[in-house]
Amino acid sequence: MLTIELFFEQSLNGLQQGVMLFLMAAGLTLVFGIMHLINLAHGSLYMIGAYVAASVTQASDSFTLGILAALVAAGLTGMLLEFSALRRLYNRDHLDQVLATFGMILFFNELVKILWGPQALFLSTPEFLSGTLEFIPGAPYPSYRLFIIGAGLVVALLLRHLIIHTRVGMLIRAGATHREMVGALGVNIDELYTIVFGLGAMLAGLAGALAGPMLAVEVGMGEKILILTFVVIIIGGIGSVRGALVGALLVGMVDTYGRAFLPTIMRELLDPASADTVAASMSSVAIYVLMAVVLIWKPRGLFQAYGS
Amino acid sequence: MFLSKIIGSDASFRTKIVTLLGLLILFAVPLLANLFNEPFLVDIASRILIYALVAVSLDLILGYGGMVSFGHGAFLGLGAYVVGILTHHSYEGTAVAFLPGDWQGTTQAFVQWPLAMILSGLLALIIGALSLRTSGVYFIMITLAFAQMLYFFMISIPTYGGEDGLNIWERSEIPLLDLYDAKSFYFICLVLLLLCLWCCSRIVKSRFGMVLRGCRQNEVRMKALGYPVYRYKLMAFVLSGMIAGLAGALLANHTEFVGPGLMHWTRSGEIMIMVILGGMGSLIGPVLGSATLLMMEEVLAGLTEHWMIFLGPMLVLIVLFARKGLYGLLIGKGTDNG
Amino acid sequence: MADPILEVISLTKCFGAIAASDGLTFSVKRGTIHGLIGPNGAGKSTAIAQLSGELQSDTGRVRFDGQDVTRWAVDKRARSGLQRSYQITSLLPEFTAEDNVAMAIQSQQGHSFRFWENARKDNSLRTPSRKILERVGLSDFADNPAMDLAHGQQRQLELAMVLATAPSMLLLDEPMAGMGQSESLRMMELLRPLKGDVTMLLVEHDMDVVFALADMITVLVKGQVLLTGTPDEIKNHPEVRRAYLGDY
Chain A
27 MLTIELFFEQ SLNGLQQGVM LFLMAAGLTL VFGIMHLINL AHGSLYMIGA
77 YVAASVTQAS DSFTLGILAA LVAAGLTGML LEFSALRRLY NRDHLDQVLA
127 TFGMILFFNE LVKILWGPQA LFLSTPEFLS GTLEFIPGAP YPSYRLFIIG
177 AGLVVALLLR HLIIHTRVGM LIRAGATHRE MVGALGVNID ELYTIVFGLG
227 AMLAGLAGAL AGPMLAVEVG MGEKILILTF VVIIIGGIGS VRGALVGALL
277 VGMVDTYGRA FLPTIMRELL DPASADTVAA SMSSVAIYVL MAVVLIWKPR
327 GLFQAYGS
Chain B
246 MFLSKIIGSD ASFRTKIVTL LGLLILFAVP LLANLFNEPF LVDIASRILI
296 YALVAVSLDL ILGYGGMVSF GHGAFLGLGA YVVGILTHHS YEGTAVAFLP
346 GDWQGTTQAF VQWPLAMILS GLLALIIGAL SLRTSGVYFI MITLAFAQML
396 YFFMISIPTY GGEDGLNIWE RSEIPLLDLY DAKSFYFICL VLLLLCLWCC
446 SRIVKSRFGM VLRGCRQNEV RMKALGYPVY RYKLMAFVLS GMIAGLAGAL
496 LANHTEFVGP GLMHWTRSGE IMIMVILGGM GSLIGPVLGS ATLLMMEEVL
546 AGLTEHWMIF LGPMLVLIVL FARKGLYGLL IGKGTDNG
Chain C
229 MADPILEVIS LTKCFGAIAA SDGLTFSVKR GTIHGLIGPN GAGKSTAIAQ
279 LSGELQSDTG RVRFDGQDVT RWAVDKRARS GLQRSYQITS LLPEFTAEDN
329 VAMAIQSQQG HSFRFWENAR KDNSLRTPSR KILERVGLSD FADNPAMDLA
379 HGQQRQLELA MVLATAPSML LLDEPMAGMG QSESLRMMEL LRPLKGDVTM
429 LLVEHDMDVV FALADMITVL VKGQVLLTGT PDEIKNHPEV RRAYLGDY
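Protein sequence lines correspond, in order, to chains A, B and C. Under this note's numbering, the first residue of the first sequence carries the number 27, and numbering increases by one thereafter. Under this note's numbering, the first residue of the second sequence carries the number 246, and numbering increases by one thereafter. Under this note's numbering, the first residue of the third sequence carries the number 229, and numbering increases by one thereafter.
I should point out that these hints are in silico values taken from the structure, not numbers from a laboratory.
With a cut-off of at most 25 Å between alpha-carbon atoms, the simulated DSS-like pairs for lysine-lysine come out as follows:
| # | chain 1 | residue 1 | chain 2 | residue 2 |
| --- | --- | --- | --- | --- |
| 1 | C | Lys-359 | B | Lys-450 |
| 2 | A | Lys-324 | C | Lys-304 |
| 3 | C | Lys-257 | C | Lys-423 |
| 4 | C | Lys-463 | C | Lys-423 |
| 5 | C | Lys-349 | C | Lys-359 |
| 6 | A | Lys-139 | A | Lys-250 |
| 7 | C | Lys-257 | C | Lys-463 |
| 8 | C | Lys-359 | C | Lys-423 |
| 9 | C | Lys-257 | C | Lys-304 |
| 10 | C | Lys-349 | B | Lys-450 |
| 11 | B | Lys-261 | B | Lys-450 |
| 12 | B | Lys-261 | C | Lys-349 |
Some chain B residues well away from chain A (every beta-carbon gap over 10 Å; in silico):
| # | residue |
| --- | --- |
| 13 | Ala-273 |
| 14 | Trp-348 |
| 15 | Ile-419 |
Stretches of chain B that chain A covers, calculated by requiring three or more beta carbons in the stretch to come under 8 Å of a beta carbon on chain A:
| # | segment |
| --- | --- |
| 16 | 395-407 |
| 17 | 517-530 |
| 18 | 562-571 |
The structure displayed is predicted, hence computed values, not measured ones. Every residue, glycine too, gets a C-beta built ideally from N, C-alpha and C.
The shape of chain A in the complex, shown without the other chains (with noise of 0.2 Å):
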């Protein structure tokens, strides 16, 4: 039955997968609008924050110090993965970008296997989040998913504060414009470079870790969101971080919309057996369809980057 409380419940879930999606295509789209490098091993960074902060929370009991430890850790290896092999392929074109970070893929998703094993990890939501609040009268909602729709909008508002008024955001404002000029000023761009990266990373290793308590924690957890996150920036226009954010929250709603109420729509037109499957073929497509429509429309997506 499609109720208010349902439709509310169903949007904070949307708004929550956007969330998540945000800070990943935020990390994305800032390497490729400043590098112009496509980093396919985005997903794998997502992967290894979730499996750190799920062996780190389940050793010390603290959630808490398991986000540290991914953010840590994904921003750690971002920063190595970006000095010791990707700032090479800045200057190669986009097929050798996309061929070697293919590999590291490969290379993640196997070591992730040889450490953790091949079983999935499952980890319960942190104590003091396992309720539910009651906004509405009737709908309790978990406190977990809207400590996750929290921390999303916190991300951003940071975001946008470092973007617009601290130095480092000057920076990466100019770099997109101008990086001959910014290099010409006597900024290190290589520094600059490692900690755009590193701060991406850190990004996708949070959301891998959030993504803990909600997913099982398995090998190929990074691919399947990395491609959601391609859609969300194709959709929001590579490089721009505005663009991501509103890309994120489309899919993340149209996302969810679509697994929660195509099937009750198509029940009201369909036999009960034919309506479930053309649903499920229908929600799985549904981002696509949007991708497709934005791209009929707006062939670089909603959003200019800077300088572009």
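Start from chain A and add chains B and C according to the hints.
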């Protein structure tokens, strides 16, 4: 290099030598398998030929047309599903879903395989028409996303096995031939691959091929000369999709199974690796790449279950330091299109 | 032959708040060489890109050969006989010089959905290509990849490609850029005899070249047309001397 002292440094001469050697090996595979009493060899070799066919199809747009399509698994998978679905209905005696009437599928290769090509071509037309509106990194991600869409779409259809895929209880039928005979199947794959290579070698030298190669080198220039490049690139994309669909039809027969995994993006990635490893912008390169990658998989997988941990970094090193590919090394020049 | 082949009517293009071209209006008579000059940043390259169709204009119209081409894409304008060359050489670098010219000729012979015959053995492409290469003095380099040619030769090859399309009008964006004295002279020798058959809009930094070749000259300053006149009028115009020739 010692080799170059014997056969000279003339690239076109070396091309001929490599081609001849390759042909010799390909025709000798069944004999060698008999000689060493390793019938499994024919099976692997057939797989190599099928993947070579997809790799050549990708190279047509990637190496010659400069289109970095990261969704080639979609066309391979659709071609395989066409065979799988038609066989499924023919075996079960049920009508093909989503079609009016009650056609109960078929196992005839002459219906299945062309249909696989046509439908994969149509899919390529749709995906290409949308994704070729953009270029560069958008194009990569969009082709990837559409292929992934198809992957999830197939998973969501329980009629055709959903996540578990479909077993194929009967291989395709060709009059007078038995596809269950490993050697017959191998030679069918070989003939189709050679036919495809021959057609492609004509195409890339034709007026159409020259336009395609021009677009890779300098699309702005081609437009300024008056070429409506979108149409030519789309045509190449469709051709490529059709060849990949044919390879899918063969692969379905080879593994006697179709599943959404064929469309998964890691599959598309593997196909792309074959092209790069072998050397893009040549027609023999993808064949070499397919053979090398699949044999490497066999060998590494025999050594350790975690062989991917070696393949990954190797790929990074190849990209960073050996961009010419194997064919480039053998011929002694880059992928120059010549 | 006094009718205008190209009419530009209040053409505007803004990048953000900056108007790179601001209400350009001028026309080019058929069969003439029309110079387009102005200091750096005057919007010459922007204007060329708008005329060729590579940049969509915000407002204004372009009429070419009696047709309104304002909304036409690059390739369509090119097929109708409006061709351009680039300030930074733009070739098909891996193809040989002869291939490059042959591609230009092929573009004039209807569609290229021909998949079977070897284009490199097609005499309807190769014979005229060799003739044109001879005309620009590149016969000896026909089989060299374009990227291996010297800079001056690449400029000549680019001109050869443009000529091979038998254009009715050429947009030449600094054809002599980066050339030595003797190469520049040779390029002038190539351009001069085309006058009459091919209309040319010539953007060029070297004033001697423009005054020597052009029948009419339009002066751009800050995206606007300062004036249009004969070379003598331009040379002696006080405002031009102040705005432009002052730093010359």
